[in-house]
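**Q** Each chain, letter by letter, is given below.
2 protein chains.
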Amino acid sequence: MVNLDERLSKADYARVFPGLEQDLGECQRAARKAGVPVVIVFEGWAAAGKGSVINRLAQTLDPRGFEVHSTLPPTKNERLHPWMWRFWNTLPAAGDFAMFDRSWYRRVLADRIHGKVGRAECEAAYRDIDEFEQQWIDAGTVIVKFWLHISKKEQRRRFKRLEKSAATAWKVGKTQWENHRRYDEWKTLVEEMLERTSTAAAPWTIVEATQGRFQRTKVFETVLRAVHAEIERRAAAPRVEPTPMRVSKPSPTDGPTILDRLDLSLSLDREEYEQELGKLHKRLFDLEHEIYTRRVPVAIVYEGVDAGGKGGNIKRLTRGLDPRGYKVVPVGPPNPVELAHHYLWRFWREAPKAGHIALFDRSWYGRVLVERVEGLCGETDWRRAYREINEFERQWSDFGTVLVKFWLHIDQDEQLRRFEARQETPYKQWKITDEDWRNRKKWPQYKAAVVEMLERTSTTYAPWTVLEANCKLYARVKAIRTVVRAIEEALAGR
Amino acid sequence: MVNLDERLSKADYARVFPGLEQDLGECQRAARKAGVPVVIVFEGWAAAGKGSVINRLAQTLDPRGFEVHSTLPPTKNERLHPWMWRFWNTLPAAGDFAMFDRSWYRRVLADRIHGKVGRAECEAAYRDIDEFEQQWIDAGTVIVKFWLHISKKEQRRRFKRLEKSAATAWKVGKTQWENHRRYDEWKTLVEEMLERTSTAAAPWTIVEATQGRFQRTKVFETVLRAVHAEIERRAAAPRVEPTPMRVSKPSPTDGPTILDRLDLSLSLDREEYEQELGKLHKRLFDLEHEIYTRRVPVAIVYEGVDAGGKGGNIKRLTRGLDPRGYKVVPVGPPNPVELAHHYLWRFWREAPKAGHIALFDRSWYGRVLVERVEGLCGETDWRRAYREINEFERQWSDFGTVLVKFWLHIDQDEQLRRFEARQETPYKQWKITDEDWRNRKKWPQYKAAVVEMLERTSTTYAPWTVLEANCKLYARVKAIRTVVRAIEEALAGR
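Chains as they are written, first to last, in the numbering used here: chain A, 1 to 494; chain B, 1 to 494.
Treat each hint with caution, since some may be false.
Note that the list lumps identical chains together, so a pair holds whenever it fits in one copy or between two copies.
Claimed, not checked - Below, computed lysine-lysine pairings styled on DSS-like, alpha-carbon distance capped at 25 Å:
id, residue 1, residue 2
1, LYS76, LYS116
2, LYS76, LYS327
3, LYS431, LYS282
4, LYS441, LYS279
5, LYS174, LYS249
6, LYS249, LYS187
7, LYS282, LYS171
8, LYS174, LYS431
9, LYS174, LYS152
To be clear, the hints were calculated from the coordinates, so they are not data collected in a lab.
Sequences and hints are given; from them, build the entire structure.
**A** Written out as structure tokens, the structure is:
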């Protein structure tokens, strides 16, 4: 039950509030030190005072470390991306605060009541929100969510007051009054939303917002408690150093893996290759235009054994394409800014726009490959990543993105041949480093990680295609053919 | 004279081109190593083959290190910023390549012929472009600019060919044919543009684009030459280690500086302060709304002596504002990504959007203050910065941005008092570090740098206001009053 008459006397407020402000400053420094990102979401009735309580927080926090995001209806560019894209972009770095004046909940409230989102989309949105918050929380983010509550009568009173001043009258327009009339309809949706999205890790706090003093105090207290809880949780958690992957001795009951069953002798001669390539390029060129006009985004992921031929394969695929229609996203070790964010953050930012192709030269699968093998992240992290990646790709797929994922495979002998060739050819020497030789020694670990990755992340909406790449020509033709088919199927299914 | 019949035989091409591709790969690695950013601009007649030559470069370059930018008409969001803003955002980092399929030259060509830019704006654009390229070049950027040239007849032939295929017919619409009819008009503008913007450091290269082989070869050769020239220039340049600033002994002929003439005893008592503050806040609240509806951007810069009270001043200024209308941009030492860019890059990105207020807690003036005093950049760098900053602010001002710049000044005794108070108050201790004490020892250097900064960067469009800040209350009221007046004047002048 919400008691909208909650009040705090001037005297009590003066006794309590300055202390809270001071605590919040210290809390921010502690969060910075512990590397905790903090997300504070404000939803609530129009005129409930979101702006002023956010401003009060902004006044209290050190500006080197927070941002305020106002969530308006999506812009044209934002609509060309999966709907969660713009929120991923605003993800705070470790130690930073982000405050949202309205948020992703817009999609299950305003967009729904205004008929922009149907029942089915709304259900999908609930699931997306749940996964999204869970992913952020699993990465150690604190999410505090406030619903600022006032009665219909109080809202009316406030609208009238706002209308009296020239500086604020613009805030109350037809839409606001229309929403006001539909207060009870809204209330039903709000109740559903609160019920469905109040999780143990990110519960809603309903704030009785009739009085500013009370509201501010409750908000400050709630934020303080949530952030301290996470800092304490981290301090108490046993520190487990990630360790490089080990592989157990093979057991006689192990069957051959998908990689063992590949026919790496598959090949094409130069003539067949040129002929096939010519046909496929022509087709792909037409398709690039068609996905552009029909606004289909395409994401192509390249992973593979070192020296498997990713670079050359990408080059053949893009030859002849219009460079305005595609981008190659090379993925290396994360830079410091990327390291301070959720590992999927930098990939969300590179989501291909509707009508465009993005080719990822290595990808988010680094989490379950190099990071797992080398012990760059903890075991819980890479174990959780399979689910996270499937969710991530499903959101892109739901938006209509065609996902094609390649694993370029060669055997150890072929790799050795290529490494040696690189060392002997002056203009290829830069391509071979000590790290390549080190990685080669970990062949069994990588193989096991790849097999598990292929098994756990091949989905109906984002299947893996393994390219038998001992013969580069064969692998190139197969790659382009796979892309052509995937796009054709997607276009046919629309 | 342009000979549009330039041709390269198949045999010559086969002999030369593969070598160029290989050289470009090596050139990219050399540029990466030397930290040279490379900008390649493609302008030219429609259907002259911009797309395919860019694609060929993209094929040849390592994707870990280049981006292709297509310059379309500005989006709604881009139009809310100074026109050069979007190009600053695309600035490549040290060692990266950026290729532009059309560019900032759009403004003196297409926008002009289509009547979106008048004669006066076009003149301003020429100046902006000149300054912009010069600033990038001074920071060590290579800029290569190509005009791809074909005859009117050849263009017609190509349009007809494009129209024949479904995949390319969309490229030739009414606009293209209309432009084709006006080929000669365009030509006059193109000639003017080439003449006015061909500088020694960033000359135009006219590429006879009738034949693909010839065009590709010339483009590759030109890029290679330009990048190597810069790498050699850097290798040959004597390495001067930046040194911390020294101040010469004062001479008896030195007059008092602007800082010596300040009346730091200016003060307000608490009652006057509260009264003034109340009035000013009310006014500022109204103005925040007015600049929003009238789409006026406002940038407020805070610089000042350590412990001069910047933070508290900013807090009082923003108290009561709608947080959706302003942002505080705290400026610390640049992160690695920022360090790899032009020093103004990160400030351009934070340009306030039309209708919004941005408060900079420290700013681009770091270049001529801390970087100069501590020897973090070379002497030529900070000397050049006065002009660069004036140009930068003028571009914002031309767009209509109201610029207010504060220097908060206190004397050495007051600083000592505040430092000591911070050390004694537990919840303020985090505010005082060893660095503050070290900086304090450099008071004479900082003072000299500040005086020169105030003298050289106070302009009619972006004047400095010195705040006598020994009394914090006085400084706060003066700051808000200054902002209120500046906005009022700007609104009155529109």
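**Q** Go through the copies and call it for LYS441 and LYS279: within, between, both or neither, with a Cα cutoff of 25 Å.
**A** The answer is neither: 40 Å in one copy and 73 Å across copies each exceed 25 Å.
**Q** My question is about LYS76 and LYS327: at a cut-off of 25 Å on alpha-carbon distance, are they close within one copy, between copies, both, or neither?
**A** both (20 Å within a copy, 23 Å between copies)
**Q** Tell me, please, which holds for LYS282 and LYS171 at an alpha-carbon limit of 25 Å: within, between, both or neither?
**A** Between. Shortest inter-copy distance 17 Å satisfies the 25 Å Cα cut-off; intra-copy 55 Å does not.
**Q** Can you give me the call for LYS431 and LYS282, within, between, both or neither, at a CA distance of at most 25 Å?
**A** neither (31 Å within a copy, 64 Å between copies)
**Q** At most 25 Å between C-alpha atoms: does LYS174 with LYS431 qualify within a copy, between copies, both, or neither?
**A** neither (64 Å within a copy, 48 Å between copies)
**Q** At most 25 Å between alpha carbons: which applies to LYS76 and LYS116, within, between, both or neither?
**A** Both: 15 Å inside a copy, 22 Å across copies.
**Q** Are the CA atoms of LYS174 and LYS249 at most 25 Å apart within a copy, between copies, both, or neither?
**A** For LYS174 and LYS249, the Cα distance exceeds 25 Å both inside one copy (71 Å) and across copies (69 Å).
**Q** Taking 25 Å as the upper bound on the Cα-Cα distance, should LYS249 and LYS187 be classified as within, between, both, or neither?
**A** So LYS249 and LYS187 fail the 25 Å test inside a copy (61 Å) and across (74 Å) alike.
**Q** From the Cα coordinates, with 25 Å as the cut-off, is the pair LYS174 and LYS152 best called within, between, both, or neither?
**A** within (16 Å within a copy, 55 Å between copies)
In summary, the numbered hints that this structure violates are 3, 4, 5, 6 and 8.
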